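Asker: If you want the building blocks of each chain, they are given just below.
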Amino acid sequence: MTDAAPTASATPEKSSKLRAAARDAGEWLLKVLLSPFVEISALFKLLWEAVFWGIRPPYRGRLFVEAMEFIGIGSIFLVSLTAVFVGGVLALQLVDGFRDFGAENQTGAVIGLALAREVGPVFAALMVTSRAGSAMTTELGSMRVTNQIDALVTMAVNPVQYLVVPRLVAGFVMVPVLTMLFNVVGVAGAFFVAVALLGLDPGVFMDRLKWLVDWDDLSQGLIKAMVFGVAVTLIACRQGFYAKGGAAGVGRATNRAVVQSAIAILMLDYLVTSLVLGEGFF
Amino acid sequence: MKVFRSNLMRLTRPPLPAQVKDDPIHVRIRDVHKNYGDHHVLKGVSLDVYRRKTNLIIGPSGSGKTVLMRQLIRLEKPDSGELLVNDVDFAKLEGLNLAAMRRTFGMVFQMSALFDSMTVFDNVAFPVREHTDLSRNEVRDRVMDRLSALGVAGAAHKLPAELSGGMQKRVAVARAMILESEILIYDEPTTGLDPITTEMVDDLITEAEELFGVTSIVISHDMASVVRIADHLSFLHLGEITATGTPQELLHSEHPATAEFMRASRISLD
Numbered sequence: 001m002t003d004a005a006p007t008a009s010a011t012p013e014k015s016s017k018l019r020a021a022a023r024d025a026g027e028w029l030l031k032v033l034l035s036p037f038v039e040i041s042a043l044f045k046l047l048w049e050a051v052f053w054g055i056r057p058p059y060r061g062r063l064f065v066e067a068m069e070f071i072g073i074g075s076i077f078l079v080s081l082t083a084v085f086v087g088g089v090l091a092l093q094l095v096d097g098f099r100d101f102g103a104e105n106q107t108g109a110v111i112g113l114a115l116a117r118e119v120g121p122v123f124a125a126l127m128v129t130s131r132a133g134s135a136m137t138t139e140l141g142s143m144r145v146t147n148q149i150d151a152l153v154t155m156a157v158n159p160v161q162y163l164v165v166p167r168l169v170a171g172f173v174m175v176p177v178l179t180m181l182f183n184v185v186g187v188a189g190a191f192f193v194a195v196a197l198l199g200l201d202p203g204v205f206m207d208r209l210k211w212l213v214d215w216d217d218l219s220q221g222l223i224k225a226m227v228f229g230v231a232v233t234l235i236a237c238r239q240g241f242y243a244k245g246g247a248a249g250v251g252r253a254t255n256r257a258v259v260q261s262a263i264a265i266l267m268l269d270y271l272v273t274s275l276v277l278g279e280g281f282f
Numbered sequence: 001m002k003v004f005r006s007n008l009m010r011l012t013r014p015p016l017p018a019q020v021k022d023d024p025i026h027v028r029i030r031d032v033h034k035n036y037g038d039h040h041v042l043k044g045v046s047l048d049v050y051r052r053k054t055n056l057i058i059g060p061s062g063s064g065k066t067v068l069m070r071q072l073i074r075l076e077k078p079d080s081g082e083l084l085v086n087d088v089d090f091a092k093l094e095g096l097n098l099a100a101m102r103r104t105f106g107m108v109f110q111m112s113a114l115f116d117s118m119t120v121f122d123n124v125a126f127p128v129r130e131h132t133d134l135s136r137n138e139v140r141d142r143v144m145d146r147l148s149a150l151g152v153a154g155a156a157h158k159l160p161a162e163l164s165g166g167m168q169k170r171v172a173v174a175r176a177m178i179l180e181s182e183i184l185i186y187d188e189p190t191t192g193l194d195p196i197t198t199e200m201v202d203d204l205i206t207e208a209e210e211l212f213g214v215t216s217i218v219i220s221h222d223m224a225s226v227v228r229i230a231d232h233l234s235f236l237h238l239g240e241i242t243a244t245g246t247p248q249e250l251l252h253s254e255h256p257a258t259a260e261f262m263r264a265s266r267i268s269l270d
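Respectively, the protein sequence lines represent chains A and B. This note's numbering numbers the first residue of the first sequence as 1 and each following residue consecutively. This note's numbering numbers the first residue of the second sequence as 1 and each following residue consecutively.
Because the hints were derived from the structure by calculation, they are not lab data. Only a predicted model underlies this, so the values are computations on that prediction, with no experimental measurement involved. Careful, some of the hints might be misleading.
[Stated by the list, open to error] Short derived list, chain A residues pointing at chain B, Cβ under 7 Å:
| no. | residue |
| --- | --- |
| 1 | S80 |
| 2 | A151 |
| 3 | T154 |
| 4 | A156 |
| 5 | V157 |
| 6 | M267 |
| 7 | L268 |
| 8 | D269 |
| 9 | T273 |
| 10 | S274 |
By construction, the Cβ of each residue, glycine as well, lies at the ideal position given by its N, Cα and C atoms.
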């Protein structure tokens, strides 16, 4: 009987530890499962605040111009550089593939269609994310952790109106502009590779491109670009605006912003495509 | 409270009645509570802030000083309690009324919180450009006047990163005072500064009070500064005000935590 006593007292202790561990694991799992919804609701809340403050004066034109310059003008080189190589590699692959069944004349048409509808908006948005999105998160995050955003509040200046609205508008306007640039430079890159390096007829290349690609294809790409422009700037601003934990916290926020933006671009791409085409829903 | 607006972008405070201007108590903090989840940080804080005096709120780290400051300037909303500023309950204001009332306060943050992408001049001019219709020349005159009064006019075209800690504090005070706020709040203004710069910042607080006739609220745990500048002192311990009075009175407080803090700081008024 005396030997059994420690066992009897240890068993409830062990089972209570197990219960606590199971509860912790359950809470962790629930948190992980709910986190995407929490994040999306936070994004919509910030978007709502931006719309609310965006339609109210004062309208600070200088900040809009600066944001457009940073997102748009500052991304021209990167977008052009990637467009040349994306167009070039598309031409290489398509000419090589189409030659197997004598359809290489369709290269210009397919490249034009792919760039206008998909590749242009997706790549332009990804480039804006990598260059401007990460920089926006870092800038706003640094402002948050050094109390500069609090300072704006204490000076009776709404920080969403001052910091977020100009960036969102710039994303909405400039990503479509960059998409058009990507399309033009991408076609030029493809034309050079297909015609100058692989010997395709230039007239046929451009004729098939003009024959297949019309305004509907371009507008589909531009609608996507506007959606992506808002999404990537919103994610970048949300992560920076609510960053915490000093320099390390700003680094984590920047990392989250880039990953979330890339995922959002690809998910929204499918969503907008199915909405525009009217098919592909579950 | 009614907000006076010349248009939607210019928020101005209503004029104060004479009896409020003469009230020696500028801010009445009454039974303010603040929780973060299960953590009860402020447990019914009540204290008075005296008009045109230097009021210090001191206490050990983790006592809730910064949380109290964030409620006072409404960076956060208290769970309950009153923040009566000129007899208006700041805790209950929202939207444009809150924004207008914020102009009563100027805030000097611990790390100054100057906008690092702007020059010193633009930092100080920022509130004026946001809230007034002054011409470019008038803005320049007002900003240079403040910078000269605080001895940093020579740094007008420098970036904050090019200034020493003490100079950054001066610029932060100039920015906080540019709209002629009635109350200046300093959050741990001397933390991390060397003794000479600490003394300079203490002088600056007294100087700002004399130059601009403001009420100063200083959140600190630096007892050397307390002795130098405090007119009135409140001791915050574990989210409650445990002692209040002149520095002399607090040095002789019988409250155990207050007495222990005073003893550990090895400060005497002699």
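Asker: Indicate, hint by hint, whether the structure satisfies it.
Answerer: How the hints compare with the structure:
1. About 27 Å separates the beta-carbon of A/S80 from the nearest beta-carbon of chain B, more than 7 Å, and the hint is not met.
2. Against a cut-off of 7 Å between C-beta atoms, the interface hint on A/A151 holds, since the closest Cβ of chain B lies about 4 Å away.
3. With its C-beta approaching chain B no nearer than about 4 Å, A/T154 sits inside the 7 Å limit, and its interface hint holds.
4. With a cut of 7 Å, the hint placing A/A156 at the interface with chain B holds, because the nearest CB-to-CB distance is about 4 Å.
5. The criterion of a C-beta within 7 Å of any C-beta in chain B is met by A/V157, whose closest approach is roughly 5 Å, and the hint holds.
6. A least Cβ separation of about 33 Å between A/M267 and chain B goes past the 7 Å threshold, and the interface hint is therefore violated.
7. This hint is violated: A/L268 has a C-beta 31 Å from the nearest C-beta of chain B, more than the 7 Å allowed.
8. Restraint check, A/D269 versus chain B: the minimum CB separation of about 34 Å is more than 7 Å; hint violated.
9. Interface hint at A/T273: violated, since its Cβ lies 39 Å from the closest Cβ of chain B, which is beyond the 7 Å cut-off.
10. Interface hint status for A/S274: violated, as the beta-carbon distance to the closest one in chain B is roughly 40 Å, over 7 Å.
In terms of the numbered hints stated before, the structure departs from hints 1, 6, 7, 8, 9, 10, listed from lowest to highest.
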